[in-house]
Amino acid sequence: MRITVKTETCVGAGQCVLSAPDVFDQDDDGLVTVLDAEPGPEHSDDVNLAWQLCPSGSITVTEPAVQD
Amino acid sequence: MTDTDDQLVVDFPLRKEGEEFPPPRYAEYRQREGLVLSYLPDGKPVWLVTRHAAVREILTSKKISSNPDREGFPNIGETMGVPRQDQIPGWFVGLDSPDHDRFRKALIPEFTVRKVREMRPAIQAVVDRVIDDMLAAGNEADLVNDFALPIPSLVISALLGVPEADREFFESRTRTLVSIRTSTDAQRDTASRELLRYINRLIEIKSKWPGDDLPSRLLAGGVLEPRELPGVLLLLLIAGHETTANNIGLGIVSLLENPQWIGDDRVVDELLRLHSVADLVSLRVAVEDVEICGQTIKAGEGIVPLVAAANHDETVFACPHAFNPERSAKQHVAFGYGVHQCLGQNLVRVEMELAYRTLFERVPGLELAMGPEGLPYKYDGVLHGLHTLPVRW
Ligand code: HEM
Numbered sequence: 001m002r003i004t005v006k007t008e009t010c011v012g013a014g015q016c017v018l019s020a021p022d023v024f025d026q027d028d029d030g031l032v033t034v035l036d037a038e039p040g041p042e043h044s045d046d047v048n049l050a051w052q053l054c055p056s057g058s059i060t061v062t063e064p065a066v067q068d
Numbered sequence: 001m002t003d004t005d006d007q008l009v010v011d012f013p014l015r016k017e018g019e020e021f022p023p024p025r026y027a028e029y030r031q032r033e034g035l036v037l038s039y040l041p042d043g044k045p046v047w048l049v050t051r052h053a054a055v056r057e058i059l060t061s062k063k064i065s066s067n068p069d070r071e072g073f074p075n076i077g078e079t080m081g082v083p084r085q086d087q088i089p090g091w092f093v094g095l096d097s098p099d100h101d102r103f104r105k106a107l108i109p110e111f112t113v114r115k116v117r118e119m120r121p122a123i124q125a126v127v128d129r130v131i132d133d134m135l136a137a138g139n140e141a142d143l144v145n146d147f148a149l150p151i152p153s154l155v156i157s158a159l160l161g162v163p164e165a166d167r168e169f170f171e172s173r174t175r176t177l178v179s180i181r182t183s184t185d186a187q188r189d190t191a192s193r194e195l196l197r198y199i200n201r202l203i204e205i206k207s208k209w210p211g212d213d214l215p216s217r218l219l220a221g222g223v224l225e226p227r228e229l230p231g232v233l234l235l236l237l238i239a240g241h242e243t244t245a246n247n248i249g250l251g252i253v254s255l256l257e258n259p260q261w262i263g264d265d266r267v268v269d270e271l272l273r274l275h276s277v278a279d280l281v282s283l284r285v286a287v288e289d290v291e292i293c294g295q296t297i298k299a300g301e302g303i304v305p306l307v308a309a310a311n312h313d314e315t316v317f318a319c320p321h322a323f324n325p326e327r328s329a330k331q332h333v334a335f336g337y338g339v340h341q342c343l344g345q346n347l348v349r350v351e352m353e354l355a356y357r358t359l360f361e362r363v364p365g366l367e368l369a370m371g372p373e374g375l376p377y378k379y380d381g382v383l384h385g386l387h388t389l390p391v392r393w
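These protein sequence lines are chains A and B, in that order.
Letter by letter, the first sequence follows residues 1 to 68 of our numbering.
Letter by letter, the second sequence follows residues 1 to 393 of our numbering.
Isolated chain A (complex conformation) (with noise of 0.2 Å):
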């Protein structure tokens, strides 16, 4: 799992630390940082509700290539 996130259309709301705070961050303008750009499959259901809860779509998940 790999994750990209939008700081230009970020929010703030917070609900992806509140979901997998192992892997997201609010920076000091309280906007999304990530701590944990590839994190390991025992992630993946507090990865997949911060994504789903993002009010502004900011968070993007993909799988990556294998050959990658």
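One or more of the hints may lead you astray.
Unchecked claim - Under the rule of at most 25 Å between Cα atoms (straight-line distance), these lysine-lysine pairs were calculated in the DSS-like manner: (1) 6(A) to 115(B); (2) 105(B) to 330(B); (3) 16(B) to 63(B); (4) 62(B) to 105(B); (5) 6(A) to 105(B); (6) 62(B) to 44(B); (7) 63(B) to 44(B); (8) 62(B) to 16(B); (9) 105(B) to 115(B); (10) 44(B) to 298(B); (11) 208(B) to 62(B); (12) 6(A) to 62(B); (13) 44(B) to 6(A); (14) 298(B) to 63(B); (15) 6(A) to 16(B).
Just so you know, the hints here were simulated from the structure itself, not pulled from any lab data.
Since the structure of chain A is provided, determine the placement of chain B with the ligand on it from the hints.
Relative to the frame of chain A, chain B with the ligand by itself:
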């Protein structure tokens, strides 16, 4: 209720005295293909949106506006439970991107998960103080007046750096503003003007003698102009007061009915979902033609996304009317969705958690002082809630 050409047309207001909440008709609206049409008291048509996915779609659409000055914006008489304040600069819930973003970005740092965590001791102190006063006054209380209303008011005054000596003034004026049954229009009007005057003075004082508080930081940040601050502070106060109070009150009733859940923090999001107090808050108007649920909403037509209906959508929340803190309630839209999603939501979660936990710990024999069937629910305002909640211990 009339049907024309298969278009369901329903009466407004949607809530009727004596009925349960959400109104039972919402289930029927959700079953319909397309959208439901209604006419506001001023005769203007609005589209009611009831399904979870559709409400999210409306609240994230770039073709849809939050600006109450736009032609066709739904005029339901009041916003956020009090007379319209949206002419004041800084009332950014009524602005669209990019105007909105400057305000939102300036305020986000004040409401991060970390910041709210740091506020926990202050919130706990507020809750304890309110309970101290209640216990000192006897063995019965009205939990709306004596508990649910003062907590958010005192939390917001702490956030705004209102000096201790002024908290009583601040609290009494905010209480008058939201007590639509026990205060007159004239009293509310006076309270609203006194608060605005107070906020203006507060800003003057903070610009001369900055403190460790939100207004001082906004002034120092320089992103917002001083003339925009009164509207911002008033918005925080009004958006965060009755909403939170209503949720606290309704949640206590649910917990008294389901005491096995007392002390479990998972109740918070389920109570937000179940009670959905801000059903009529996220009003919108289409800027361009937009198709939702197969229905074309034309530019200039008003839209009322009903968050209580979305939060009881049975395709997302099984047995939606049941209070079940074990379900995954978090995708509720009780705080709206999209760029205007509630800025205070993390603060509210902590307020609710500490309010319930502390109340039931410190007042273990708490019980309703009347039958639950007679509780006075609010049918007249924008927000769902209770007028009073008589209890004894
Ligand atoms: C249970 C309590 C609360 C509920 C149910 C609630 C609900 C909402 C909803 C539905 C919106 C979206 C409005 C829209 O889409 O047009 C909103 C926005 C907002 N809320 Fe809350 N709210 C609550 C408490 C608070 C608190 C405690 C504060 C602050 C101290 C607050 C501050 C705001 C602000 C500033 C906005 C506008 C955000 C923006 O436009 O970007 N709210 N709230």
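- Message: Hint check: residue 6(A) vs residue 115(B), CA-CA at most 25 Å. Holds or violated?
- Response: holds (22 Å)
- With a cut-off of 25 Å on the C-alpha distance, tell me whether residue 63(B) and residue 44(B) pass. With Cα atoms ~20 Å apart, residue 63(B) and residue 44(B) stay inside 25 Å; holds.
- Message: Given the hinted pair residue 6(A) and residue 16(B), is their Cα-Cα distance within 25 Å?
- Response: violated (44 Å)
- Agreement of residue 208(B) and residue 62(B) with the hint, judged by alpha carbon distance not exceeding 25 Å: violated (41 Å)
- Query: When you check the alpha-carbon spacing of residue 62(B) and residue 105(B), does it fall within 25 Å?
  - Reply: holds (19 Å)
- Satisfaction of hint between residue 16(B) and residue 62(B), Cα-Cα up to 25 Å: Violated, at roughly 33 Å.
- Item | 25 Å limit on alpha-carbon distance, applied to hinted pair residue 298(B) and residue 63(B) | holds (10 Å)
- Does the alpha-carbon distance linking residue 105(B) and residue 115(B) stay inside the 25 Å limit? Holds - the C-alpha atoms of residue 115(B) and residue 105(B) are around 15 Å apart, at most 25 Å.
- Going straight from one Cα to the other, do residue 44(B) and residue 298(B) come out at no more than 25 Å? Distance of about 13 Å is within 25 Å: holds.
- Message: Hinted pair, alpha-carbon criterion (25 Å max): residue 6(A), residue 105(B). Please report holds or violated.
- Response: With Cα atoms ~14 Å apart, residue 6(A) and residue 105(B) stay inside 25 Å; holds.
- Hey, residue 62(B) versus residue 44(B), does the alpha-carbon distance stay inside 25 Å? holds (23 Å)
- Query: Taking 25 Å as the top limit, are the C-alpha atoms of residue 44(B) and residue 6(A) close enough?
  - Reply: The given pair, whose Cα atoms are some 39 Å apart, is violated under the 25 Å limit.
Of the numbered hints given earlier, the model fails hints 3, 8, 11, 13 and 15; all others are met.
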